[in-house]
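Chemist: Kindly generate the complete structure, drawing on both the sequences and the hints.
Protein chains: 2
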Amino acid sequence: MSADYYTDDVHGHHEYLDLGDFALASGFTLPGARLAYQTAGTLDEARDNAILLPHMYSGTAGFMQAFIGEDRPLDPTKYFFILPAQLGDGFSSSPSNTPAPFNGGAFPAVAISDDVRAQHRLVTEHFGIERLVMVSGWSMGGQQTLEWAVRYPDLLERAVPFAATSTNPDHCTVFCDLHMDALRSDPAYDGGFYAASTDVHVGLRRHAQAFALMGASSHMYRGEVWRELGFSSRDGFVQGFLQAYFAPMDPGNLLAQAAKWKSSDVSSGHGGDVTAALGSITAKVTDVAFTGDLFFPPEDVRADAERIPGATFEEIGSVWGHFTMFNLREADTAEIDAVYAAALAG
Amino acid sequence: MSADYYTDDVHGHHEYLDLGDFALASGFTLPGARLAYQTAGTLDEARDNAILLPHMYSGTAGFMQAFIGEDRPLDPTKYFFILPAQLGDGFSSSPSNTPAPFNGGAFPAVAISDDVRAQHRLVTEHFGIERLVMVSGWSMGGQQTLEWAVRYPDLLERAVPFAATSTNPDHCTVFCDLHMDALRSDPAYDGGFYAASTDVHVGLRRHAQAFALMGASSHMYRGEVWRELGFSSRDGFVQGFLQAYFAPMDPGNLLAQAAKWKSSDVSSGHGGDVTAALGSITAKVTDVAFTGDLFFPPEDVRADAERIPGATFEEIGSVWGHFTMFNLREADTAEIDAVYAAALAG
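Residue numbers (my numbering), protein chains in the order written: chain A, 1 to 346; chain B, 1 to 346.
No wet-lab data here; the hints were simulated from the structure. Hints are supplied without guarantee of correctness; some may be wrong.
Given that identical chains are not distinguished, each listed pair holds provided it fits within a single copy or across any two copies.
Said to hold, decoys possible - Okay, derived cross-link-like pairs now, DMTMM-like style, lysine to aspartate or glutamate, Cα gap no bigger than 20 angstroms in a straight line: (1) Lys78 <-> Glu45; (2) Lys284 <-> Asp337; (3) Lys262 <-> Asp177.
Only a predicted model underlies this, so the values are computations on that prediction, with no experimental measurement involved.
Modeler: Here it is, written out as structure tokens:
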């Protein structure tokens, strides 16, 4: 890996829950597993003011800090925020930080349900919380949010997934296959046993190109909205934004996360019946889609919302498509804050 | 190359126009260049019943034969059809058939305008035609159609581009960069100097995955419309349709075509002023977009049509997106025939 990337200096202070020998959905037991997390605000004595904010693909626990602020809906003077790191993020157990023989390309397959079960232990056993005010996240954070709502219906009052669906849309799976292959396509990837992640920079660049294609809408490119980020050309944006973003990351970590994304499915406890799984949700759900999202199109998010009892469907219109939650436009962030304000008022 | 792919047995009978030492837009002169073509129907004595039908990326001259038929709008008992092969298609001068030192990876860059100038010689010098009834094609065939309408306004009465634009949309250029890199990503590509195209099968598969992602709409995958083609799984469709389609092709030929696609621009004769170029068109234009087309979205096609004097904009709604013109549904073909009927009646 890039030597100084997966550090608290870059990503903020993490704490860790020891998961011990953690049994994965795959049947594999990961020895010495750990769950990294961050917090914000203070848990009150009644332990009833906690909000869980899992993060998206390629992110780390701190990502959702961007939505927390005094005088904002996610107010740390009012709520206690738990920001768990995904398995595979580089802080929680990951290909890049797990000792041999389970390191790198030998890291076992993990699932969204593994994240959620680990987070459940953090919430209930470590913090002693019996009920969360809300679970919310974007993209893979939204996949975890939906898994929470199905798996632990008594444990959360509200669920607000952004740009995520109950199972991965088939078109999005074709995309996952493409960007996962992009990382592996670099001969330096070597089955996941490279000496340094920077050796795999060609694979990381190829993977970035896939996100340049699918992460933003055609409207964004048509309007050259990348100029708002200070770039002077389309290619400069692809290189300076997407390639630069992914360059320091560990390809094996990205692949561990992507495999979870691709195989996400909330119905494992309902015999594969997604409609039954969604129908069992008791939390108040606000299911949010982004206009022009090429990963999780509004049609797919809406189809979920229609199967969740009492759910509200919201579509946020932005030129950024799936990347709307990167806070690239103040108006996008304001719309997301408005969704949180309405959800927490309900 | 796949030894028996670029043959008349597979693609129908070709004839050839010797272009001699052909000066390319790049400034390079390609020695001993040739233009392959097919024909259908009979040129009448007045030489005023000819229709030119250039083909799309990855196709060959014969592709547009699928739209020609008695009792159909493109009726060979009424019209004479000229179906030119693109430079780089494997029959016209291409990386795969040009002798050293201009073979393979050393084949010079060609442009849409080179195709159109070569076709102009075929139409005017070889066939002695002074005016075409229509020029029409899909995708890169549409790019050539628009180039014809701008470059030779006196030579065509009608232009009917399907799913193509005057310059490549920026989002589509990000896609071209991705699928071109996919071919080159295979170490066996070796700068274009592989022994056999089948050696580059991994690159060809990777390139096919990009077309699986972008060629069809998310609606197609959502509805599992691939079942109509006889496949029993999404992955079976990707492998059996896309990978199988591209597998026998020559990667260098695909790259020669893709570079033209990416750099397409009708404004070269108008100092880079696309609006002026489109405004100079005198042919009757029917500019056709496909709903859900991720290469050339309807918004971009419409923006062209609004700048072409008297142009009609049509949008054909199909779940197949850009692939609508592959004739995968009878309803799609019927809609395309209807566009041709209306255009030729006007």
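Chemist: Each of the hints needs a verdict: does it hold here or not?
Modeler: Evaluated hints:
1. Taking the shortest alpha-carbon separations for Lys78 and Glu45, only the intra-copy value of 13 angstroms comes in at or below 20 angstroms, while the best inter-copy value is 87 angstroms.
2. Taking CA atoms no more than 20 angstroms apart as the test, Lys284 paired with Asp337 passes inside one copy only; the shortest distance there is 17 angstroms, against 50 angstroms between copies.
3. Proximity of Lys262 and Asp177 under a CA criterion of 20 angstroms is satisfied intra-copy only: 8 angstroms inside one chain copy versus 24 angstroms between copies.
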